[in-house]
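A.B. asks: With these hints in hand, go ahead and build the complete structure from the sequences.
For reference, the chains in residue letters:
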Amino acid sequence: MAFVNLKKKEVQVKIVYYGPGRGGKTTNLEYIYAKFNERIQTEMVTVKTHGDRTLFFDFLPIDIGKINGYAAKMQLYTVPGQVKYNATRRLVLRGADGIVFVADSMAVRREKNILSLKNLHENLKNYKKSIFAIPLVFQYNKVDLAEQGIPLLPFATMEKDLNSQLKRPAFEASAVTGSNVVPTLKKIITMTMASIKDELK
Amino acid sequence: MSYALGQKQLDSIDEILQTDLVDIGVHCVFLIDMSGNIIASLDDGENKHDIYSLAALAAGNFGAVSAMAKIVGEGEFSLLFHKGKKENIHFSKVLAEFLLITLFGNDLSLGFLRLKVAESVEKIKKILEPIHTP
Numbered sequence: 001m002a003f004v005n006l007k008k009k010e011v012q013v014k015i016v017y018y019g020p021g022r023g024g025k026t027t028n029l030e031y032i033y034a035k036f037n038e039r040i041q042t043e044m045v046t047v048k049t050h051g052d053r054t055l056f057f058d059f060l061p062i063d064i065g066k067i068n069g070y071a072a073k074m075q076l077y078t079v080p081g082q083v084k085y086n087a088t089r090r091l092v093l094r095g096a097d098g099i100v101f102v103a104d105s106m107a108v109r110r111e112k113n114i115l116s117l118k119n120l121h122e123n124l125k126n127y128k129k130s131i132f133a134i135p136l137v138f139q140y141n142k143v144d145l146a147e148q149g150i151p152l153l154p155f156a157t158m159e160k161d162l163n164s165q166l167k168r169p170a171f172e173a174s175a176v177t178g179s180n181v182v183p184t185l186k187k188i189i190t191m192t193m194a195s196i197k198d199e200l201k
Numbered sequence: 001m002s003y004a005l006g007q008k009q010l011d012s013i014d015e016i017l018q019t020d021l022v023d024i025g026v027h028c029v030f031l032i033d034m035s036g037n038i039i040a041s042l043d044d045g046e047n048k049h050d051i052y053s054l055a056a057l058a059a060g061n062f063g064a065v066s067a068m069a070k071i072v073g074e075g076e077f078s079l080l081f082h083k084g085k086k087e088n089i090h091f092s093k094v095l096a097e098f099l100l101i102t103l104f105g106n107d108l109s110l111g112f113l114r115l116k117v118a119e120s121v122e123k124i125k126k127i128l129e130p131i132h133t134p
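These protein sequence lines map, in sequence, to chains A and B.
Position 172, counted from 1, in the first sequence is what the working numbering calls 172; the numbers after and before it change by one each time, with no gaps.
Position 101, counted from 1, in the second sequence is what the working numbering calls 101; the numbers after and before it change by one each time, with no gaps.
Mixed in with the good hints, there may be bad ones.
As the list claims (entries may be wrong) - If you want the footprint, here are the derived chain B segments under chain A, 3+ residues with CB under 8 Å:
| id | stretch |
| --- | --- |
| 1 | 18-28 |
| 2 | 48-54 |
| 3 | 75-81 |
| 4 | 114-123 |
Unchecked claim - Here are the simulated DSSO-like pairs of lysine-lysine, each with C-alpha atoms no more than 27 Å apart in a straight line:
| id | chain 1 | residue 1 | chain 2 | residue 2 |
| --- | --- | --- | --- | --- |
| 5 | B | K8 | A | K7 |
| 6 | B | K116 | A | K128 |
| 7 | B | K8 | B | K116 |
| 8 | A | K7 | B | K86 |
| 9 | B | K116 | A | K73 |
| 10 | A | K48 | B | K86 |
| 11 | A | K128 | B | K125 |
| 12 | A | K48 | A | K35 |
As the list claims (entries may be wrong) - These stretches of chain A come out as covered by chain B in the derived footprint (C-beta under 8 Å, 3 or more residues):
| id | stretch |
| --- | --- |
| 13 | 54-66 |
| 14 | 89-97 |
Hint data in this document are derived by calculation from the structure and do not stem from the laboratory.
Since this is a predicted model, take the numbers as computed values, not measurements.
All residues carry an ideal CB built from backbone N, CA and C; glycine is no exception.
C.D. replies: Okay, structure coming up:
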């Protein structure tokens, strides 16, 4: 949950990148870290296993300037995507104000996307939050793989699988090249800040 | 879902942290919520740390230890303390949603620190109690 510091005129917001394992959540943060280096005063924190997979979370704080006179600090987190790490995934989700769901566009990962979204729904319920109420943006990642002839799911199929009921903004993206990474981030920031604007008077 | 704290409340918290903890010689103290947001932070002016990263990791760490406690049939591990060669970290839960983290050197005994932390936690509870959190 967002914290508004009326003394320092500062608002801290938690945005979580969620999705199946090896979907590109960490890559999103790494691109943002490289791109907005001058706005980020700290190192990106990552808790990884030997196999370079996220064990606990990645963390990146980013200052986005002033909104309604408040200095806005976005705290970006990723969750571990692998199914077996649900306990830590749920911990990271605690107090999330906005979520980016990074789905894998590869045809072979279709079921993993659906299961991960279902898992998000259940974990949010655990905190008495509804997936229908929380600011959420979809990112269909890895579209760059089409050039290498890897079968991808078309946008319409991804939408039908994941977004047919939720009807949230969705971006086709490539976290590796950076394509649509920043628009995804901007969208979730806008939606999240709109959801807490009543606190910023 | 969000919550706010005003100038008066934050000033009171700063004062408690300053007189009860910084003045007795802790290096750095900060109050965070379980989402990893920093509510207040103070240091002795000599020991600067990246508190945003520390806060995120501390909230995660505390959550992980709580989950471990539940698995082994404990409600909670009441003492959470990391000992280093020069720097030690002490964690204390404040109500259900907040965490007070203290960094201190070897010149301060753990017993005395725990006593002072417990005192400040009681005072901070009174300020934070009215805030409704889920």
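A.B. asks: Look at each hint and say if it fits the structure.
C.D. replies: Here's how the hints hold up against the structure:
no.	hint	verdict
1	18-28	violated (count 0)
2	48-54	holds (count 3)
3	75-81	violated (count 0)
4	114-123	violated (count 0)
5	B/K8 <-> A/K7	holds (8 Å)
6	B/K116 <-> A/K128	violated (35 Å)
7	B/K8 <-> B/K116	holds (22 Å)
8	A/K7 <-> B/K86	violated (33 Å)
9	B/K116 <-> A/K73	violated (31 Å)
10	A/K48 <-> B/K86	holds (26 Å)
11	A/K128 <-> B/K125	holds (24 Å)
12	A/K48 <-> A/K35	holds (22 Å)
13	54-66	holds (count 4)
14	89-97	holds (count 6)
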